[in-house]
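Residue numbers (the numbering used here), protein chains in the order written: chain A, 323 to 570; chain B, 323 to 570; chain C, 323 to 570; chain D, 323 to 570; chain E, 323 to 570; chain F, 323 to 570; chain G, 323 to 570; chain H, 323 to 570.
Don't read these hints as lab results, they were simulated from the structure.
Beta carbons are placed, not taken as given, at the ideal position from N, Cα and C, and that holds for glycine.
Do not take every clue at face value.
[Claimed, not checked] Simulated restraints on C-beta separations:
#, chain 1, residue 1, chain 2, residue 2, range
1, F, Ser493, D, His396, 32 to 42 Å
2, E, Glu330, D, Trp422, 32 to 42 Å
3, B, Thr436, C, Pro424, 50 to 60 Å
4, F, Thr382, A, Gln398, 41 to 51 Å
5, D, Gly419, C, Gly433, 53 to 63 Å
6, H, Thr450, D, Gly380, 28 to 38 Å
7, B, Ala411, C, Gly326, 50 to 60 Å
8, H, Glu421, A, Gln398, 52 to 62 Å
9, C, Gly433, A, Arg392, 57 to 67 Å
10, B, Gly326, A, Asp475, 34 to 44 Å
11, D, Gly380, F, Glu489, 22 to 32 Å
[Said to hold, decoys possible] What the simulated footprint calls covered on chain G by chain H, stretch by stretch (three residues with Cβ under 8 Å from a Cβ of chain H suffice, anywhere in the stretch; the number is not a length):
#, region
12, 516-522
13, 526-536
Protein chains: 8
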Amino acid sequence: MTEGQLREVLEQVRTGAMEVDRALDRVRHLPFEDLGFAKVDHHRALRHGMPEVVYGQGKTPEQIVSIAGRLLEHAQNVLITRASEEAAAVVTEQLPGAEWFPLSGAIRFWGDRTVRGKGTIAVVCAGTTDIPVAEEAQITAEVMGNRVDSIFDVGVAGIHRLMSNRERLASARVIVVCAGMEGALPSAVGGLVSCPVIGVPTSIGYGASFKGVAALLGMLTSCASNVCVVNIDNGFGAGYVASLINRE
Amino acid sequence: MTEGQLREVLEQVRTGAMEVDRALDRVRHLPFEDLGFAKVDHHRALRHGMPEVVYGQGKTPEQIVSIAGRLLEHAQNVLITRASEEAAAVVTEQLPGAEWFPLSGAIRFWGDRTVRGKGTIAVVCAGTTDIPVAEEAQITAEVMGNRVDSIFDVGVAGIHRLMSNRERLASARVIVVCAGMEGALPSAVGGLVSCPVIGVPTSIGYGASFKGVAALLGMLTSCASNVCVVNIDNGFGAGYVASLINRE
Amino acid sequence: MTEGQLREVLEQVRTGAMEVDRALDRVRHLPFEDLGFAKVDHHRALRHGMPEVVYGQGKTPEQIVSIAGRLLEHAQNVLITRASEEAAAVVTEQLPGAEWFPLSGAIRFWGDRTVRGKGTIAVVCAGTTDIPVAEEAQITAEVMGNRVDSIFDVGVAGIHRLMSNRERLASARVIVVCAGMEGALPSAVGGLVSCPVIGVPTSIGYGASFKGVAALLGMLTSCASNVCVVNIDNGFGAGYVASLINRE
Amino acid sequence: MTEGQLREVLEQVRTGAMEVDRALDRVRHLPFEDLGFAKVDHHRALRHGMPEVVYGQGKTPEQIVSIAGRLLEHAQNVLITRASEEAAAVVTEQLPGAEWFPLSGAIRFWGDRTVRGKGTIAVVCAGTTDIPVAEEAQITAEVMGNRVDSIFDVGVAGIHRLMSNRERLASARVIVVCAGMEGALPSAVGGLVSCPVIGVPTSIGYGASFKGVAALLGMLTSCASNVCVVNIDNGFGAGYVASLINRE
Amino acid sequence: MTEGQLREVLEQVRTGAMEVDRALDRVRHLPFEDLGFAKVDHHRALRHGMPEVVYGQGKTPEQIVSIAGRLLEHAQNVLITRASEEAAAVVTEQLPGAEWFPLSGAIRFWGDRTVRGKGTIAVVCAGTTDIPVAEEAQITAEVMGNRVDSIFDVGVAGIHRLMSNRERLASARVIVVCAGMEGALPSAVGGLVSCPVIGVPTSIGYGASFKGVAALLGMLTSCASNVCVVNIDNGFGAGYVASLINRE
Amino acid sequence: MTEGQLREVLEQVRTGAMEVDRALDRVRHLPFEDLGFAKVDHHRALRHGMPEVVYGQGKTPEQIVSIAGRLLEHAQNVLITRASEEAAAVVTEQLPGAEWFPLSGAIRFWGDRTVRGKGTIAVVCAGTTDIPVAEEAQITAEVMGNRVDSIFDVGVAGIHRLMSNRERLASARVIVVCAGMEGALPSAVGGLVSCPVIGVPTSIGYGASFKGVAALLGMLTSCASNVCVVNIDNGFGAGYVASLINRE
Amino acid sequence: MTEGQLREVLEQVRTGAMEVDRALDRVRHLPFEDLGFAKVDHHRALRHGMPEVVYGQGKTPEQIVSIAGRLLEHAQNVLITRASEEAAAVVTEQLPGAEWFPLSGAIRFWGDRTVRGKGTIAVVCAGTTDIPVAEEAQITAEVMGNRVDSIFDVGVAGIHRLMSNRERLASARVIVVCAGMEGALPSAVGGLVSCPVIGVPTSIGYGASFKGVAALLGMLTSCASNVCVVNIDNGFGAGYVASLINRE
Amino acid sequence: MTEGQLREVLEQVRTGAMEVDRALDRVRHLPFEDLGFAKVDHHRALRHGMPEVVYGQGKTPEQIVSIAGRLLEHAQNVLITRASEEAAAVVTEQLPGAEWFPLSGAIRFWGDRTVRGKGTIAVVCAGTTDIPVAEEAQITAEVMGNRVDSIFDVGVAGIHRLMSNRERLASARVIVVCAGMEGALPSAVGGLVSCPVIGVPTSIGYGASFKGVAALLGMLTSCASNVCVVNIDNGFGAGYVASLINRE
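Just need the whole structure built from these sequences, with the hints factored in.
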């Protein structure tokens, strides 16, 4: 029952075409979502320019093309995450406007480049191995309408590099920090700034890094109060939350 | 070496009272923090009204009184977390203005009640057992200058309660969700709103809840994109990050 | 908005006292649960005789008395689980009709003893140490209107005891099996019968039993196809699910 | 010693052809299972129409064909689970009547389609990635003589989808819920219905989902009392237990 | 149905007092254990002198006295493990002949001191903290009729102590080695002798010893082929298995 | 320094050709193992007929051929474990007398088939998937001079199969039980016999079996006192320890 | 057999009082350690001034007094770790010269204060809660003859404090860093200096710190190459290894 | 701002070309690292001859050649770790002087072979499977200017081999011990010597070795006080720390 249908019921009650009891019954059983109850958004402005997102992992190239094609009929910005190289080849060939980012496996359609974020989102990582995750965060934040400042070469064991970038860090409104191994970078960054820091543990490392668990635990137990955390390798989630914060 | 001392060195160089080589040497070795390098804050406004925080666990009542007393000479708002009942008795007796919250063990001095947050922070939890953690988040957010809307009686297994509060949830600018056991509430809340959601796993439960690990894993793997997470039972951290987001 | 209120809105539309647009708006925003959407139960018969349940752990004796007292105004059967001895003393003194089971910490008010289950529920455990959990399952099943057959002295390492009880096991419509240590009993029982078996790992044991984890994993990986599992020490949950099955 | 042989012994005792001592000795040592002691089934009706099941994983195509062929001589319904594509090709070629389900790897021979379940079994999952496990549960329940209602597109983060299906859920006599990631769906479903809910954690997810552990812990610690759990990815087990419940 | 009853049935068949069909039926349903099927022991010699064992943990002093008292009517050797000091006081007062071992919490009644083991069992541990577990193994082996050689002061980090005892180790027919921390002692002992070595991890240690897990994993992955393992702190089990080996 | 060399030193002291001080010094520094201190074996009989063992995993076919070839110059019985198919092809071609067991990857040279074990070793497993591990145990026990009785088709969920084999189990002097999934079989077997039982958890299973961890924990916490355990999939170790026990 | 006894044997051979065969036999079987083989120390200088160490945990005050008293007859420096307050009271009363450190539970007898370390050992920790572990490291290093520089107020989230101490850190020959929570401090310190850094994870923290596991994993996966690690809370071990390094 | 630039500022102040205020401002904001603050090394001698290190894993052959080529313009000693065979082929072809070590995947350029270590570093491992990790430690120590004594054939279960090498072990100034499985070798070695021992757990083993976790826990809980630990398989880190210790 859409709003139109509900209005019709009420109209029929008003005109006497439907009895109150029957109307009561119909309203009681009307399909839930059709009333628009599900997502009641007072900050509707927030949703403007939101990209459509497709989680590419485990989907065939054909499935991705089909879903993305349909979304592109209505949306200017579409983000496909974790697409295989094979899928990327098919998508970029069949759908115009696709950008392919091989490190993170992201494919981006970025038709509406309006900047909606109020400030800059910094995306920080320690070394080359964390870049795929950081790139996913960066691409997500950009397609959601944010200016992103990528700082991809700092680490806890080389604190001077971090200190050299303290001005850029301090300029950000929210910071995403991707780190594998001991995952200490969010704590160090968090201690330098006053804005929210979103830590993304990466699965980089070997032995006792346990595919990101060491980094995850490190970030959860950070001694900096302004750090929160998302799942291991979840660059997309970090970029998404950072965008929401930057839009508020 | 403070700024005053650095100025003096430069003055001496100017007047010739100190040679360049000696000045070079002194500048090179001057204590780092005195130059004000450490915390370069462009968003200085953010820091206005920030409370001083004392982690009470493991400190004697005397230590807490001494630290808090010193802080109160300069700060209007002081928050002591995880204080024992014994410590609370001593603090409230010796330091005027202390509020004691026995559930969470927090003690609050809230002299400056200026509201600085732009919107409301909702603090949500499922049942009575999660309230201590939710209370810590609420008190933290309040003492940091935020309006807080506490919704303490919703849960995933009683979805209608959650749905009844969808308006209040949708009115918030950021939401803190505390949940033990399976920790599914942040996902359900995250699906209803567009703002950032901060999940706080609580150590409530028994058996396979493993003192909050089940809830923690549940929140980290949430299927809602707008959820980030802090440490188990870390109501303070959630309230702190929520406050930073609400101030931006 | 209760059903009464919705009827009133419709009546006002009918009489023209309220315009359709305003009615539309009111219906859209009416509090969710009041429409009775939340729990749509076609098998309403199932709910007859359902006891009210209070989780006693972490509640003060006064809280328990207050909650239970209120429930007893409307319900004949009330079950309090995991109550402390102190709480039990207060409850049994102040509320007439309370039975106190010290092993499991359950307190039962069992006013309506109508049998609603179609068959017998067998509750099985291996040794004396598992009895508290088995007792919780038994009491739960009884207060929910089931005949319960308790078999408290069988174990995998003494297979003849199990075999001696094969008739009683085969007579049950659903079986709850509580076991600590290696948790193998549900597999053995499952192999002897065709009805559903609900395994309850108990936290009994030491060392590599890891407070019930060994038993939990054992039951989850059971080679018997008719075994499902509830949380460690969750006798209540097992008794509850068994009762639902036995009522169908 | 079959029943026939035992009768013969007794006959010989009766006729004096065998002495009591020798008979005693033979009875004492007769092979255990031949007496039919093992599976004493009072609910024999339950076993009518039970399919034969072959666990396909790790078996060669030839082994599967051989076992299934032998079973099909006596059984109308045979279910092969987790067969490889290669095995499926051989089986479908050599054994008439085979249906191949590539998502779950199941092969089904469904000669006897008598409905024996008393009501409907709902099989629910959140997204496309959980469908293979849900399919295994569905196929199992069908081949065991049940009507199955598949609801494959609901999730905790999109609660309106769940609510839209509340009528179908409420119509079921038992519900199987498959979910990966945080595994919260069984709790949400459990809160909407009064019938038993069987949770199946799936190994879908990455990072802190730990191949289904997050979902498993979430389901075990569910705050809904009517939820029980089977092993990760064990769609077969869930369908099997659901069928037993639906037959009672 | 005891052997006597079965004989009676057969007699009645012989005399014609019972029909074959009825006899068939009665034999089929006779209680399993009464036929003596359960424990068919060809090595009956093994069982001579076996002590009765009571697991004391979690039992009240009264329960222990009652059980042990009953056992002592028929058995000369009774072993109570993990009894509390309070229980020990009651037992030793009320039951004559009790020896109390406070380190391990064992109480022993050792009336029949016949030596039945063919050789010596060596019980080895590294330091004073492992002695309670080693003592439990020693007392168990003694009460089961073995000569025990206790070597309580060797460790991997002081290899010369181990080497000094190589003669005593080489004289044993089976060796029990108790070790906490890294649990390396069974490997070192196993490399010095040719007989079976039973490793008992102890829960001694802190930090990464994880209450015996480090020792347990170390023993399970021992590079010595003649090492097998029992549960953490299970001195009784090790002494029991060692006794069985020594009796063969 | 061999025994011969030590004798020579002593002779030289006797004849005065070497001074006591120099002799003292030489003896003090003589290479440790040459004195034969390392393995002091009073039960030398035990070592007769011991096979040489090569751990094949990670070795090239050439390495295996080279090592085995050298060993075969002095030993009649050589066992190679965990050899790849490729390695087996090379070994069986180049070294006469090799038997290749593809399930377990073992290669056996069994020149001396003298039976040295005093009784029979039973090797038990539940299903086809556990056979590779059971086979490794069987081959090891055979090549070490034991009669082996393999019982490869019993399981806890089909207790009658186990009971049917109770005579064969009771005839064994030591039993090796291989089981994956919940690992309950050693407990059930242990309850039927009085001899030592060696449990071998296998890595068979999925989900919560965690590659053998569930079975391992189950065996370690067995409620049968006569069970000890070796590493996951360590059929060789179980066969080895069983052989030592059977030789004593 | 001491060196004296071996000399006597050789003398008897020389004089003909003992035959070579008998001498050979006696030498072969002489007790291992008496030959001084065990600890062959070329760097004997290292051992000068080594303190005797008593692990106090789990020992009674009387045991500690007795052991320490005996050691003090021969040693000037004795260190007792993890002594209870009760034990400390007894020890300090009965043994002159005892220093009691209540934070770490150490008791020190420091008669010989010769400095043997070549440089300074820095002991670093982040906050007040880590001080007990740091204190244990400091006391150990001091009693082993080292100059110790304690820096107890630096942390990763307040990097300027760390930078302010860079001179003191750079002056050390080896650094012990104690840290709980995320355990990132050793990485940060390791990046500032070229000397070896020994990380000590502390059990400080809650929730996902898992009693030091987060810190332990963080240190093991440190991105600084000059970091090695000891057990959780093992301040003694860190101070010991640091002392060995500083003596070389 | 380099030292040169800072000098220029001071000179300009001296000559009056720059005002004190402006100078103050420039000094305050000068880029951090340019002042050389980051790595303040009083033991500069330590850094002479330090090799440049490239972590090869995850880098393309071209990337490695490019990085190594650039480093070789200034450095005589360059170490590439964990290079693939393919990368090694390209590097050795294009860059003269490369040594390729296939076991560990290391590539070494060792132009400056000056010995800077004061003593010998012993690198010890138990068996052939640990050699890759030991080799990485050896190559690292050598290229950092140390004499290395490799002892690759000792193990805890064959203690005589260890004892035979006690002289070589005692001659070392620091010892690296690589061990998989139970990881007991560092304890045994640590008990024989007085110098620091660095344990490297290797991921060798199966089942309960959990890819090096058993060995890691074993080493962390070593009963020898002179043992510290690095990450699983981190031969490079062990060789690096050992070199630092040997240089002091």
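- Structure versus earlier hints, numbers of those that do not hold, lowest first: Violated hints: 2, 4 and 13; rest satisfied.
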